[in-house]
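Line by line, the protein sequences give chains Z, D and H.
Each residue of the first sequence is one higher than the one before, counting from 16 in the numbering used here.
Each residue of the second sequence is one higher than the one before, counting from 541 in the numbering used here.
Each residue of the third sequence is one higher than the one before, counting from 876 in the numbering used here.
Simulated from the structure, these hints should not be mistaken for laboratory data.
In this text the structure is predicted, and so the values were computed from the model without any measurement.
Where a beta carbon is used, it is the ideal one built from N, C-alpha and C, also for glycine.
Certain hints may be false.
Said to hold, decoys possible - Taking CB as the label site, the calculated pair distances span:
| hint | chain 1 | residue 1 | chain 2 | residue 2 | range |
| --- | --- | --- | --- | --- | --- |
| 1 | H | Phe1171 | Z | Tyr35 | 32 to 38 Å |
| 2 | H | Thr1095 | Z | Leu86 | 20 to 26 Å |
| 3 | D | Thr843 | H | Phe1171 | 48 to 54 Å |
| 4 | D | Thr843 | Z | Arg103 | 35 to 41 Å |
| 5 | Z | Thr46 | D | Ala674 | 50 to 56 Å |
| 6 | Z | Trp49 | D | Gln563 | 51 to 57 Å |
| 7 | Z | Ala151 | D | Thr843 | 48 to 54 Å |
| 8 | Z | Tyr35 | D | Gln683 | 53 to 59 Å |
| 9 | Z | Leu86 | D | Ser671 | 40 to 46 Å |
| 10 | H | Pro1108 | Z | Met109 | 45 to 51 Å |
| 11 | D | Arg848 | Z | Tyr35 | 57 to 63 Å |
To be verified - A few chain Z residues that don't get close to chain H, going by computed Cβ distances all over 10 Å:
| hint | residue |
| --- | --- |
| 12 | Gly98 |
| 13 | Gln117 |
| 14 | Phe120 |
| 15 | Arg189 |
| 16 | Ser192 |
| 17 | His267 |
| 18 | Asn322 |
| 19 | Glu330 |
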Amino acid sequence: METTHKHNAIILRLEKVKKYFPIRRGFFQHTVGWVKAVDGVSFDIEQGKTMGLVGESGCGKSTVARLILKLLETDDGNIIFKGRNIGRFSEKEMKPFRKEVQIIFQDPFGSLNPRMTVGQCIEEGIRILGVKRASARKERLENLLNMVGMSYDSADRYPHEFSGGQRQRIGIARALSVEPSLIVCDEPVSALDVSIQAQIINLLKDLQDQLGLSYLFISHDLNIVGYLCDTISVMYNGSIMESASSEDIFNHPYHPYTKSLLSAVPDPNKKWDVTLSLEQRYESDAVYDGCKHQKKCPWVEKQCRKNPIDFVQVEANHFVRCWKTKKSDLKVI
Amino acid sequence: MDKRPKSHGTPLLRVENLKVYFQGDGKRARAVDGISYEVHQKQTVCIVGESGCGKTVSALSILGLIPSPPGEIVSGKIFFSGQDLLKLDEKTMQNIRGNQIAMVFQEPLTSLNPVFTIGDQLGEAVSTHKSMGAESLKRYMIQLLSDVGIPSPEQRLNDYPHQLSGGQRQRVMIAMALSCDPDLMIADEPTTALDVTVQAQILELLRSIQQKRSMAILYISHDLGVVSAIAHWIYVMYAGIMAEQGNSDQIFRSPRHPYTQGLLASLPSLSKRGKRLYSIPGSVPNPAYKPTGCPFHPRCPHTISTCRKEYPNMCDYGHGHMARCPVLYEKREHTE
Amino acid sequence: MNPGENHIDAPDYIEAPLAPKHTRMQEFGRMLKQNRLAALGFFIFVLFFLCAVTGLILTSGTKPLFNPAMVRLEEKLRPPLSKPNLQALRPDQVPVLNVYLMGTDDLGRDVFARMLQGAWVSLTVGFVAVGISVFIGIFMGGIAGYFGQHHIKAIHILFFLCLIGGIGLVLINAVFAGTALLLLCLSSIVFLLSARDKLPEKTLPAWKGILLGNAVSVDTLIMRIVDIMLCFPSFFLILTVVALLPASIYNIMIVIGLTSWMGTTRFVRAEFLSLREQDFVAAAKALGIGNFRIIFRHIMPNAVAPVLVSATIGIATAILTEAGLSFLGFGVPPPHATWGNILSDGKNFIFDAPWLTFIPGIAILIVVLSFNLFGEGLRDILNPKLRERH
């Protein structure tokens, strides 16, 4: 994607990243096929910006998060972070980069160690940063807790004493403890109550303004992504279907999948129209070539079934993986 | 559809001043603390609230499914087509469950037994309340499955739950609930575990079934968007009390309770980009340590001294729209 | 009112925790109070511990207060609480409280003194044997659970087989064959070092490829060893080993420990497998924390709870095993009293002196039962899922 704004440095670039998981069957556990969890994903994240990765469960968006954090090894493709290809780095080479990228998890209950106090948990990161003096560590801990809106007396308490929203704040403080430049947010608010979601979203925004962080925001909730993100990539079945600025995705989407997603979201401020997402086909397990969305696409044609489709640019900074990208096609749809 | 049919005689379900407390650890958690609501025939009524607000407990108590101990229905009445369900014995309740009131749960994966086929489980649900021969039972089941939009239902009968997708499993659950032509279906967050596009399909399915079968639906959800899409009448619950009730226009266009106002203002959307989201400060109270007076007062921007002491009254805004906040009610009277 | 303009700065809503604070000990006490049987088990556990320690002090030394080895042939098979016959005894033979609290045995030895001495034996056997088995169990289980996917190369297996075989042959004086095997072992090290930084596999000849290929995963290897160990009927394995080794209390502890670590290994492996996938471990990895610290600081504290439970119950089993061995005469050698050999000695006089059978029998029953109850209670107390629900 060479047409991104030149004045903004790109902090993270994924180039055709692939991750296949083997399907093993039988007595000897031999490989009978591959689950293409991530199948050639490319995107850029600009310094200080938020990119949203949207998709339904099982589309591979969490796998992308784990690949970026090197919790999983990529099978193919490049992950370029601040100009270095970290995709093929070994554990040792990775060490200085580890603290640059951090993650916030979805489940506020599983993401904190139940046997460590909040203070111990956050201090693990401060230790990594190499702060030696105990007083300096304490000061930093207090700073971090205040930054996420928690009081310092929380430090010697255990996670089970906190509510979901508070635990999520603690998780954010832990991520910030190593002074990262990119944070991967893997559905950070979807397990929280509605009235708490806004608190965490505001906190993430404030931290971005204060610290100049970049976010990769993974979510299935289009409303949150639309509010928070500068650019959005829509993922389906391991591939990115459409990628553009938030306004473009919401106001004139090209890809039929994006359209059906948008139409499915009920919004209190709008009359609900579900006609697009109601098209349902029976899914067979048959192997198929061509477009990944063909099984669910209401406008599938012969050519969709034959050839894989390239990611093409339809407007400035607007990319779509669909044959029907001309304006005239849109009118037909 | 927006006006509540007041004159339509007695409601199908009427819950009066229901209180359900849970005992444990020497503390008493007031999970449901004096709520009243009604469900009329052919209506979709939504109870919306956050986790721990008592919405699920209030639904389970209709079916007499509150685990006791630790739970206890302290007071209140639940009238279902004229009879008080709380006074019935277990045997009569079993007959009503499934036969007249059916329930659909949140987790479509765990509410189906993984070792039996769809046909086994659906067949059992049907034959518990209806007696019919094997051939007609099968025909009936196929009819049910195709009613809920499952493709090639005959083959699906021999499938095990893990062979179906989440949305299809939820459809099977709905088919089970429909199997005995219930008058009331209670749906407890049936789409929370599903993807948005599947959610839209299930909601549409519920809507069409309701029209076809003229059944009432009590829909429990935390998602304001879903509620706005399907509800004829909405109850907003907070910490065991009914904060506000009204139709979707009243609730979403002119909310009268500070909690509802805060919730709506805190919903993110593309149009709010760049602006700071309003957020309700603090956390949802633990039912065992609920604040005195109005349970919302520690998080409310309009709190005055009486809120801390007195339990707030329901204030009537006309056309059935009511909110439990006297402070805003008085403010309104002054401005008008 | 316009909620959109209600601006809240972060410091204004600093949040306090929801639940009141408890220390670990307070929580432990509270849970113990709720679980009566566990509390009873814990109480007997403490009592037994005190008995064993005071028993060691009172029965050891050159002039012990209670002498378990003092033979009084005139006073044999006296029932509990009987008075000694002062005329027949030398002054140093008179029991301390001037009464045989639990009677005497067929040699006129004070059963109370012997029980005290035996309590210490039971306690040490229980703790040391379980200590050994837990140590091995955590080590093996931790490796299988955390590093399970790593593979062992064929050459590694060859190396170890040659090493063990070589040493074994040398030890049984087959020097020539032994040396040959050790040389093969050495050559495999040389081969391994030479192949260290070599090219991709396709350039290797077939035999090298096989030797350097992945033979078996660490997890499979360890778990199959566990399965093999479980195949032996362990009591008879212990009997065989004890019959070969010189009779000593330490040999028994070690043998019981070495034959009972499999359950712990399975527990720890299962815990590690599920904990390894938890988000907090992923977060620790993302922070750049090393494997060693993740294992011991992040995973282990979460994995020890079930181990502690099984260890408590394991102590009971070890005490029973020791008593069984002593009963069969394979246990601690005779002058030293253990509950098992008191029981064994008493069985000949079960109709004349039933207390010789009942006293150690009931003692074993109570101690084993209390450990089991305490273990069960500990399982409830240590389960964080049960704890969070309030």
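Verification of the supplied hints:
1. H:Phe1171 with Z:Tyr35: 32 to 38 Å: holds (34 Å)
2. H:Thr1095 with Z:Leu86: 20 to 26 Å: holds (24 Å)
3. D:Thr843 with H:Phe1171: 48 to 54 Å: At roughly 49 Å between Cβ atoms, Phe1171 (chain H) and Thr843 (chain D) fall inside 48 to 54 Å, so the hint holds.
4. D:Thr843 with Z:Arg103: 35 to 41 Å: violated (58 Å)
5. Z:Thr46 with D:Ala674: 50 to 56 Å: The hinted range 50 to 56 Å is violated for Thr46 (chain Z) and Ala674 (chain D), with Cβ atoms some 43 Å apart.
6. Z:Trp49 with D:Gln563: 51 to 57 Å: holds (54 Å)
7. Z:Ala151 with D:Thr843: 48 to 54 Å: Since Ala151 (chain Z) and Thr843 (chain D) have Cβ atoms about 41 Å apart, the given range 48 to 54 Å is violated.
8. Z:Tyr35 with D:Gln683: 53 to 59 Å: violated (42 Å)
9. Z:Leu86 with D:Ser671: 40 to 46 Å: violated (56 Å)
10. H:Pro1108 with Z:Met109: 45 to 51 Å: Check passed, 49 Å falls within 45 to 51 Å.
11. D:Arg848 with Z:Tyr35: 57 to 63 Å: Holds, at about 60 Å.
12. Gly98: holds (20 Å)
13. Gln117: violated (6 Å)
14. Phe120: About 4 Å separates Phe120 (chain Z) from the closest Cβ of chain H, which leaves it inside 10 Å; violated.
15. Arg189: violated (6 Å)
16. Ser192: Ser192 (chain Z) not clear of chain H: closest Cβ-Cβ about 8 Å, inside 10 Å.
17. His267: The assertion about His267 (chain Z) holds, with a minimum of 27 Å to chain H.
18. Asn322: At about 33 Å from chain H, Asn322 (chain Z) clears the 10 Å cut-off, so the statement holds.
19. Glu330: holds (32 Å)
Consistency with the previously given hints fails for numbers 4, 5, 7, 8, 9, 13, 14, 15, 16, ordered from lowest to highest.
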